[in-house]
Amino acid sequence: MRASFLASRNLKEIVRDPISILLGLALPIAMLALFTQLGRQVPNAAFQIDNFAPAMIVFGFAFLTMFSAMLLAKDKESSFLLRLFASPLSSVDYMTSYAAPMIPLALMQCVATFAIAFLLGMHISASVLLATAVLLPSAILAVGVGLLMGTLLTQNQISGVGSIYIVIVSIFGGAWMDLNLLGGVLASIAHALPFSHGLEAARAVFSGDLSSIIPHLIWVTAYAMVVLVLAAVAFRRRMRA
Amino acid sequence: MTLTDLSAIRTTDITKTFADRTAVDSLNLSIEEGELFALLGLNGAGKTTLIKMLCCLLTPTSGDAVLLGDSILTAPNAVKQKLNVSPQETAVAPNLTLKENLELIAGIYGSTRNEARSLAGEMLESFGLAERAGEKAKTLSGGMQRSLSIAMALITNPKILFLDEPTLGLDVRARRGLWRKISALKGSITIVLTTHYLEEVEALADRVGILHEGRMRAVGTIEELKTETGRDSIEDAFLSLTEQGQ
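As given, the protein sequences belong to chains A and B, one line each in that order.
Position one of the first sequence corresponds to residue 1 (this note's numbering), numbered consecutively onward.
Position one of the second sequence corresponds to residue 1 (this note's numbering), numbered consecutively onward.
Think of the hints as simulated: they come from the structure by calculation, not from any bench.
Heads up, a few of these hints could be off.
Simulated crosslink set (PhoX-like; lysine-lysine; CA at most 20 Å straight-line) [as the list claims (entries may be wrong)]: (1) B:K138 x A:K76; (2) A:K74 x B:K136; (3) A:K12 x B:K138; (4) A:K12 x A:K76; (5) B:K186 x B:K82; (6) B:K136 x A:K12; (7) B:K159 x B:K186; (8) B:K181 x B:K159; (9) B:K186 x A:K74; (10) A:K74 x A:K12; (11) B:K159 x B:K82.
Nothing here was measured: the structure is a model prediction, and the numbers come from that model.
Working from the sequences, and respecting the hints, build out all of it.
Below, the structure written as structure tokens:
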């Protein structure tokens, strides 16, 4: 109950910032429209709407990382977090209240992107619901990375590190190209990171290859759990510092 | 009745050392219930470190403090439920309205949504902020943000209130306005005030503690400090007690 007040505040802080909406929703949707059009001119499997819509959702999740990181860092630097630390909230309450508001935002990203994808010609069926569920571990991973960054870094540092993170998600997530085209070490790195697995799990839903969903999900979920634990430990240390 | 029974705050040899320095050094202090205690010191004297320890934000290296019967070491949650703090910098949520800021703090201290709404309304009226209740906190002037920050600290009905330089950067009128609000609280809440404004201390404090290089140099009423140092003003007494090498 106590944490729900802070969670509600955190959601309001994000949605009341128009830049958040622009980056988190409008940018991935604009990219979806642009590259789907491009895919019609230059045939590329990555830009086919069934492949590209989930890719833009995973790309959009990188902005959840930025939202959660910046919000936490801003609170940390403004003394607002000091006020909260003096309250009876526990470290679990904090982590929950900074992470929970990102889930409805992630769902909004999924709904908005699939809705636009439908207008662009994607066949929408019940598989969209399964794809949304399959994408949630990627959203949780994104939020975990954000909480870790927000705990450890300043706002200025997050601007830089966050930009690098978005580039890494873009390149190694497999949104723009078949990762095997990267070749050698880069392809191995891409497959070792969780981003492409989140995307491949969602793509498997649309291709009907349901048996390959679970291995990809295990990969993403394991990363998400490790990152969340690291974020919780870092936050706890921060509270006691 | 023992000293413990009267004390809202009692520290016992509380010490905080960082890697290369001792910020607070074996400090023993007793503050009575309902007292407004001003904590003075030069920058780096250890005031903020002491307050952070008393608010359970920093763990002492050694020693302890008991706030209304509960130790900051063994019962920090019980301690936190009894106190609130208005930090040095204005600590409000900028994109929330004034009312939402107040409801947030009431909520995280355990009020239900209805209770939080009702308490927020009372605080807005009490601090003369009701007309701007629906505006975002970031649109307020510095003085009004300070008022909101103190209202956020009071909405939980704390037994002990820490005010860390509450009037820093305010103009004279806003400062006097806040003094009136703080004065009205005297007797009902134990207040620990840190400030660099000595006229603020004269206007508000029941007793004063002068911290220098992590040690409490003197504690007493303003008159007692003047007498102790043989000076005519609190400013001269303060300077005398915080001379280098003291």
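Right, here's what the structure says about each hint:
no.: 1; hint: B:K138 x A:K76; verdict: holds (17 Å)
no.: 2; hint: A:K74 x B:K136; verdict: holds (17 Å)
no.: 3; hint: A:K12 x B:K138; verdict: holds (14 Å)
no.: 4; hint: A:K12 x A:K76; verdict: holds (17 Å)
no.: 5; hint: B:K186 x B:K82; verdict: holds (17 Å)
no.: 6; hint: B:K136 x A:K12; verdict: holds (11 Å)
no.: 7; hint: B:K159 x B:K186; verdict: holds (11 Å)
no.: 8; hint: B:K181 x B:K159; verdict: holds (16 Å)
no.: 9; hint: B:K186 x A:K74; verdict: violated (34 Å)
no.: 10; hint: A:K74 x A:K12; verdict: holds (15 Å)
no.: 11; hint: B:K159 x B:K82; verdict: holds (5 Å)
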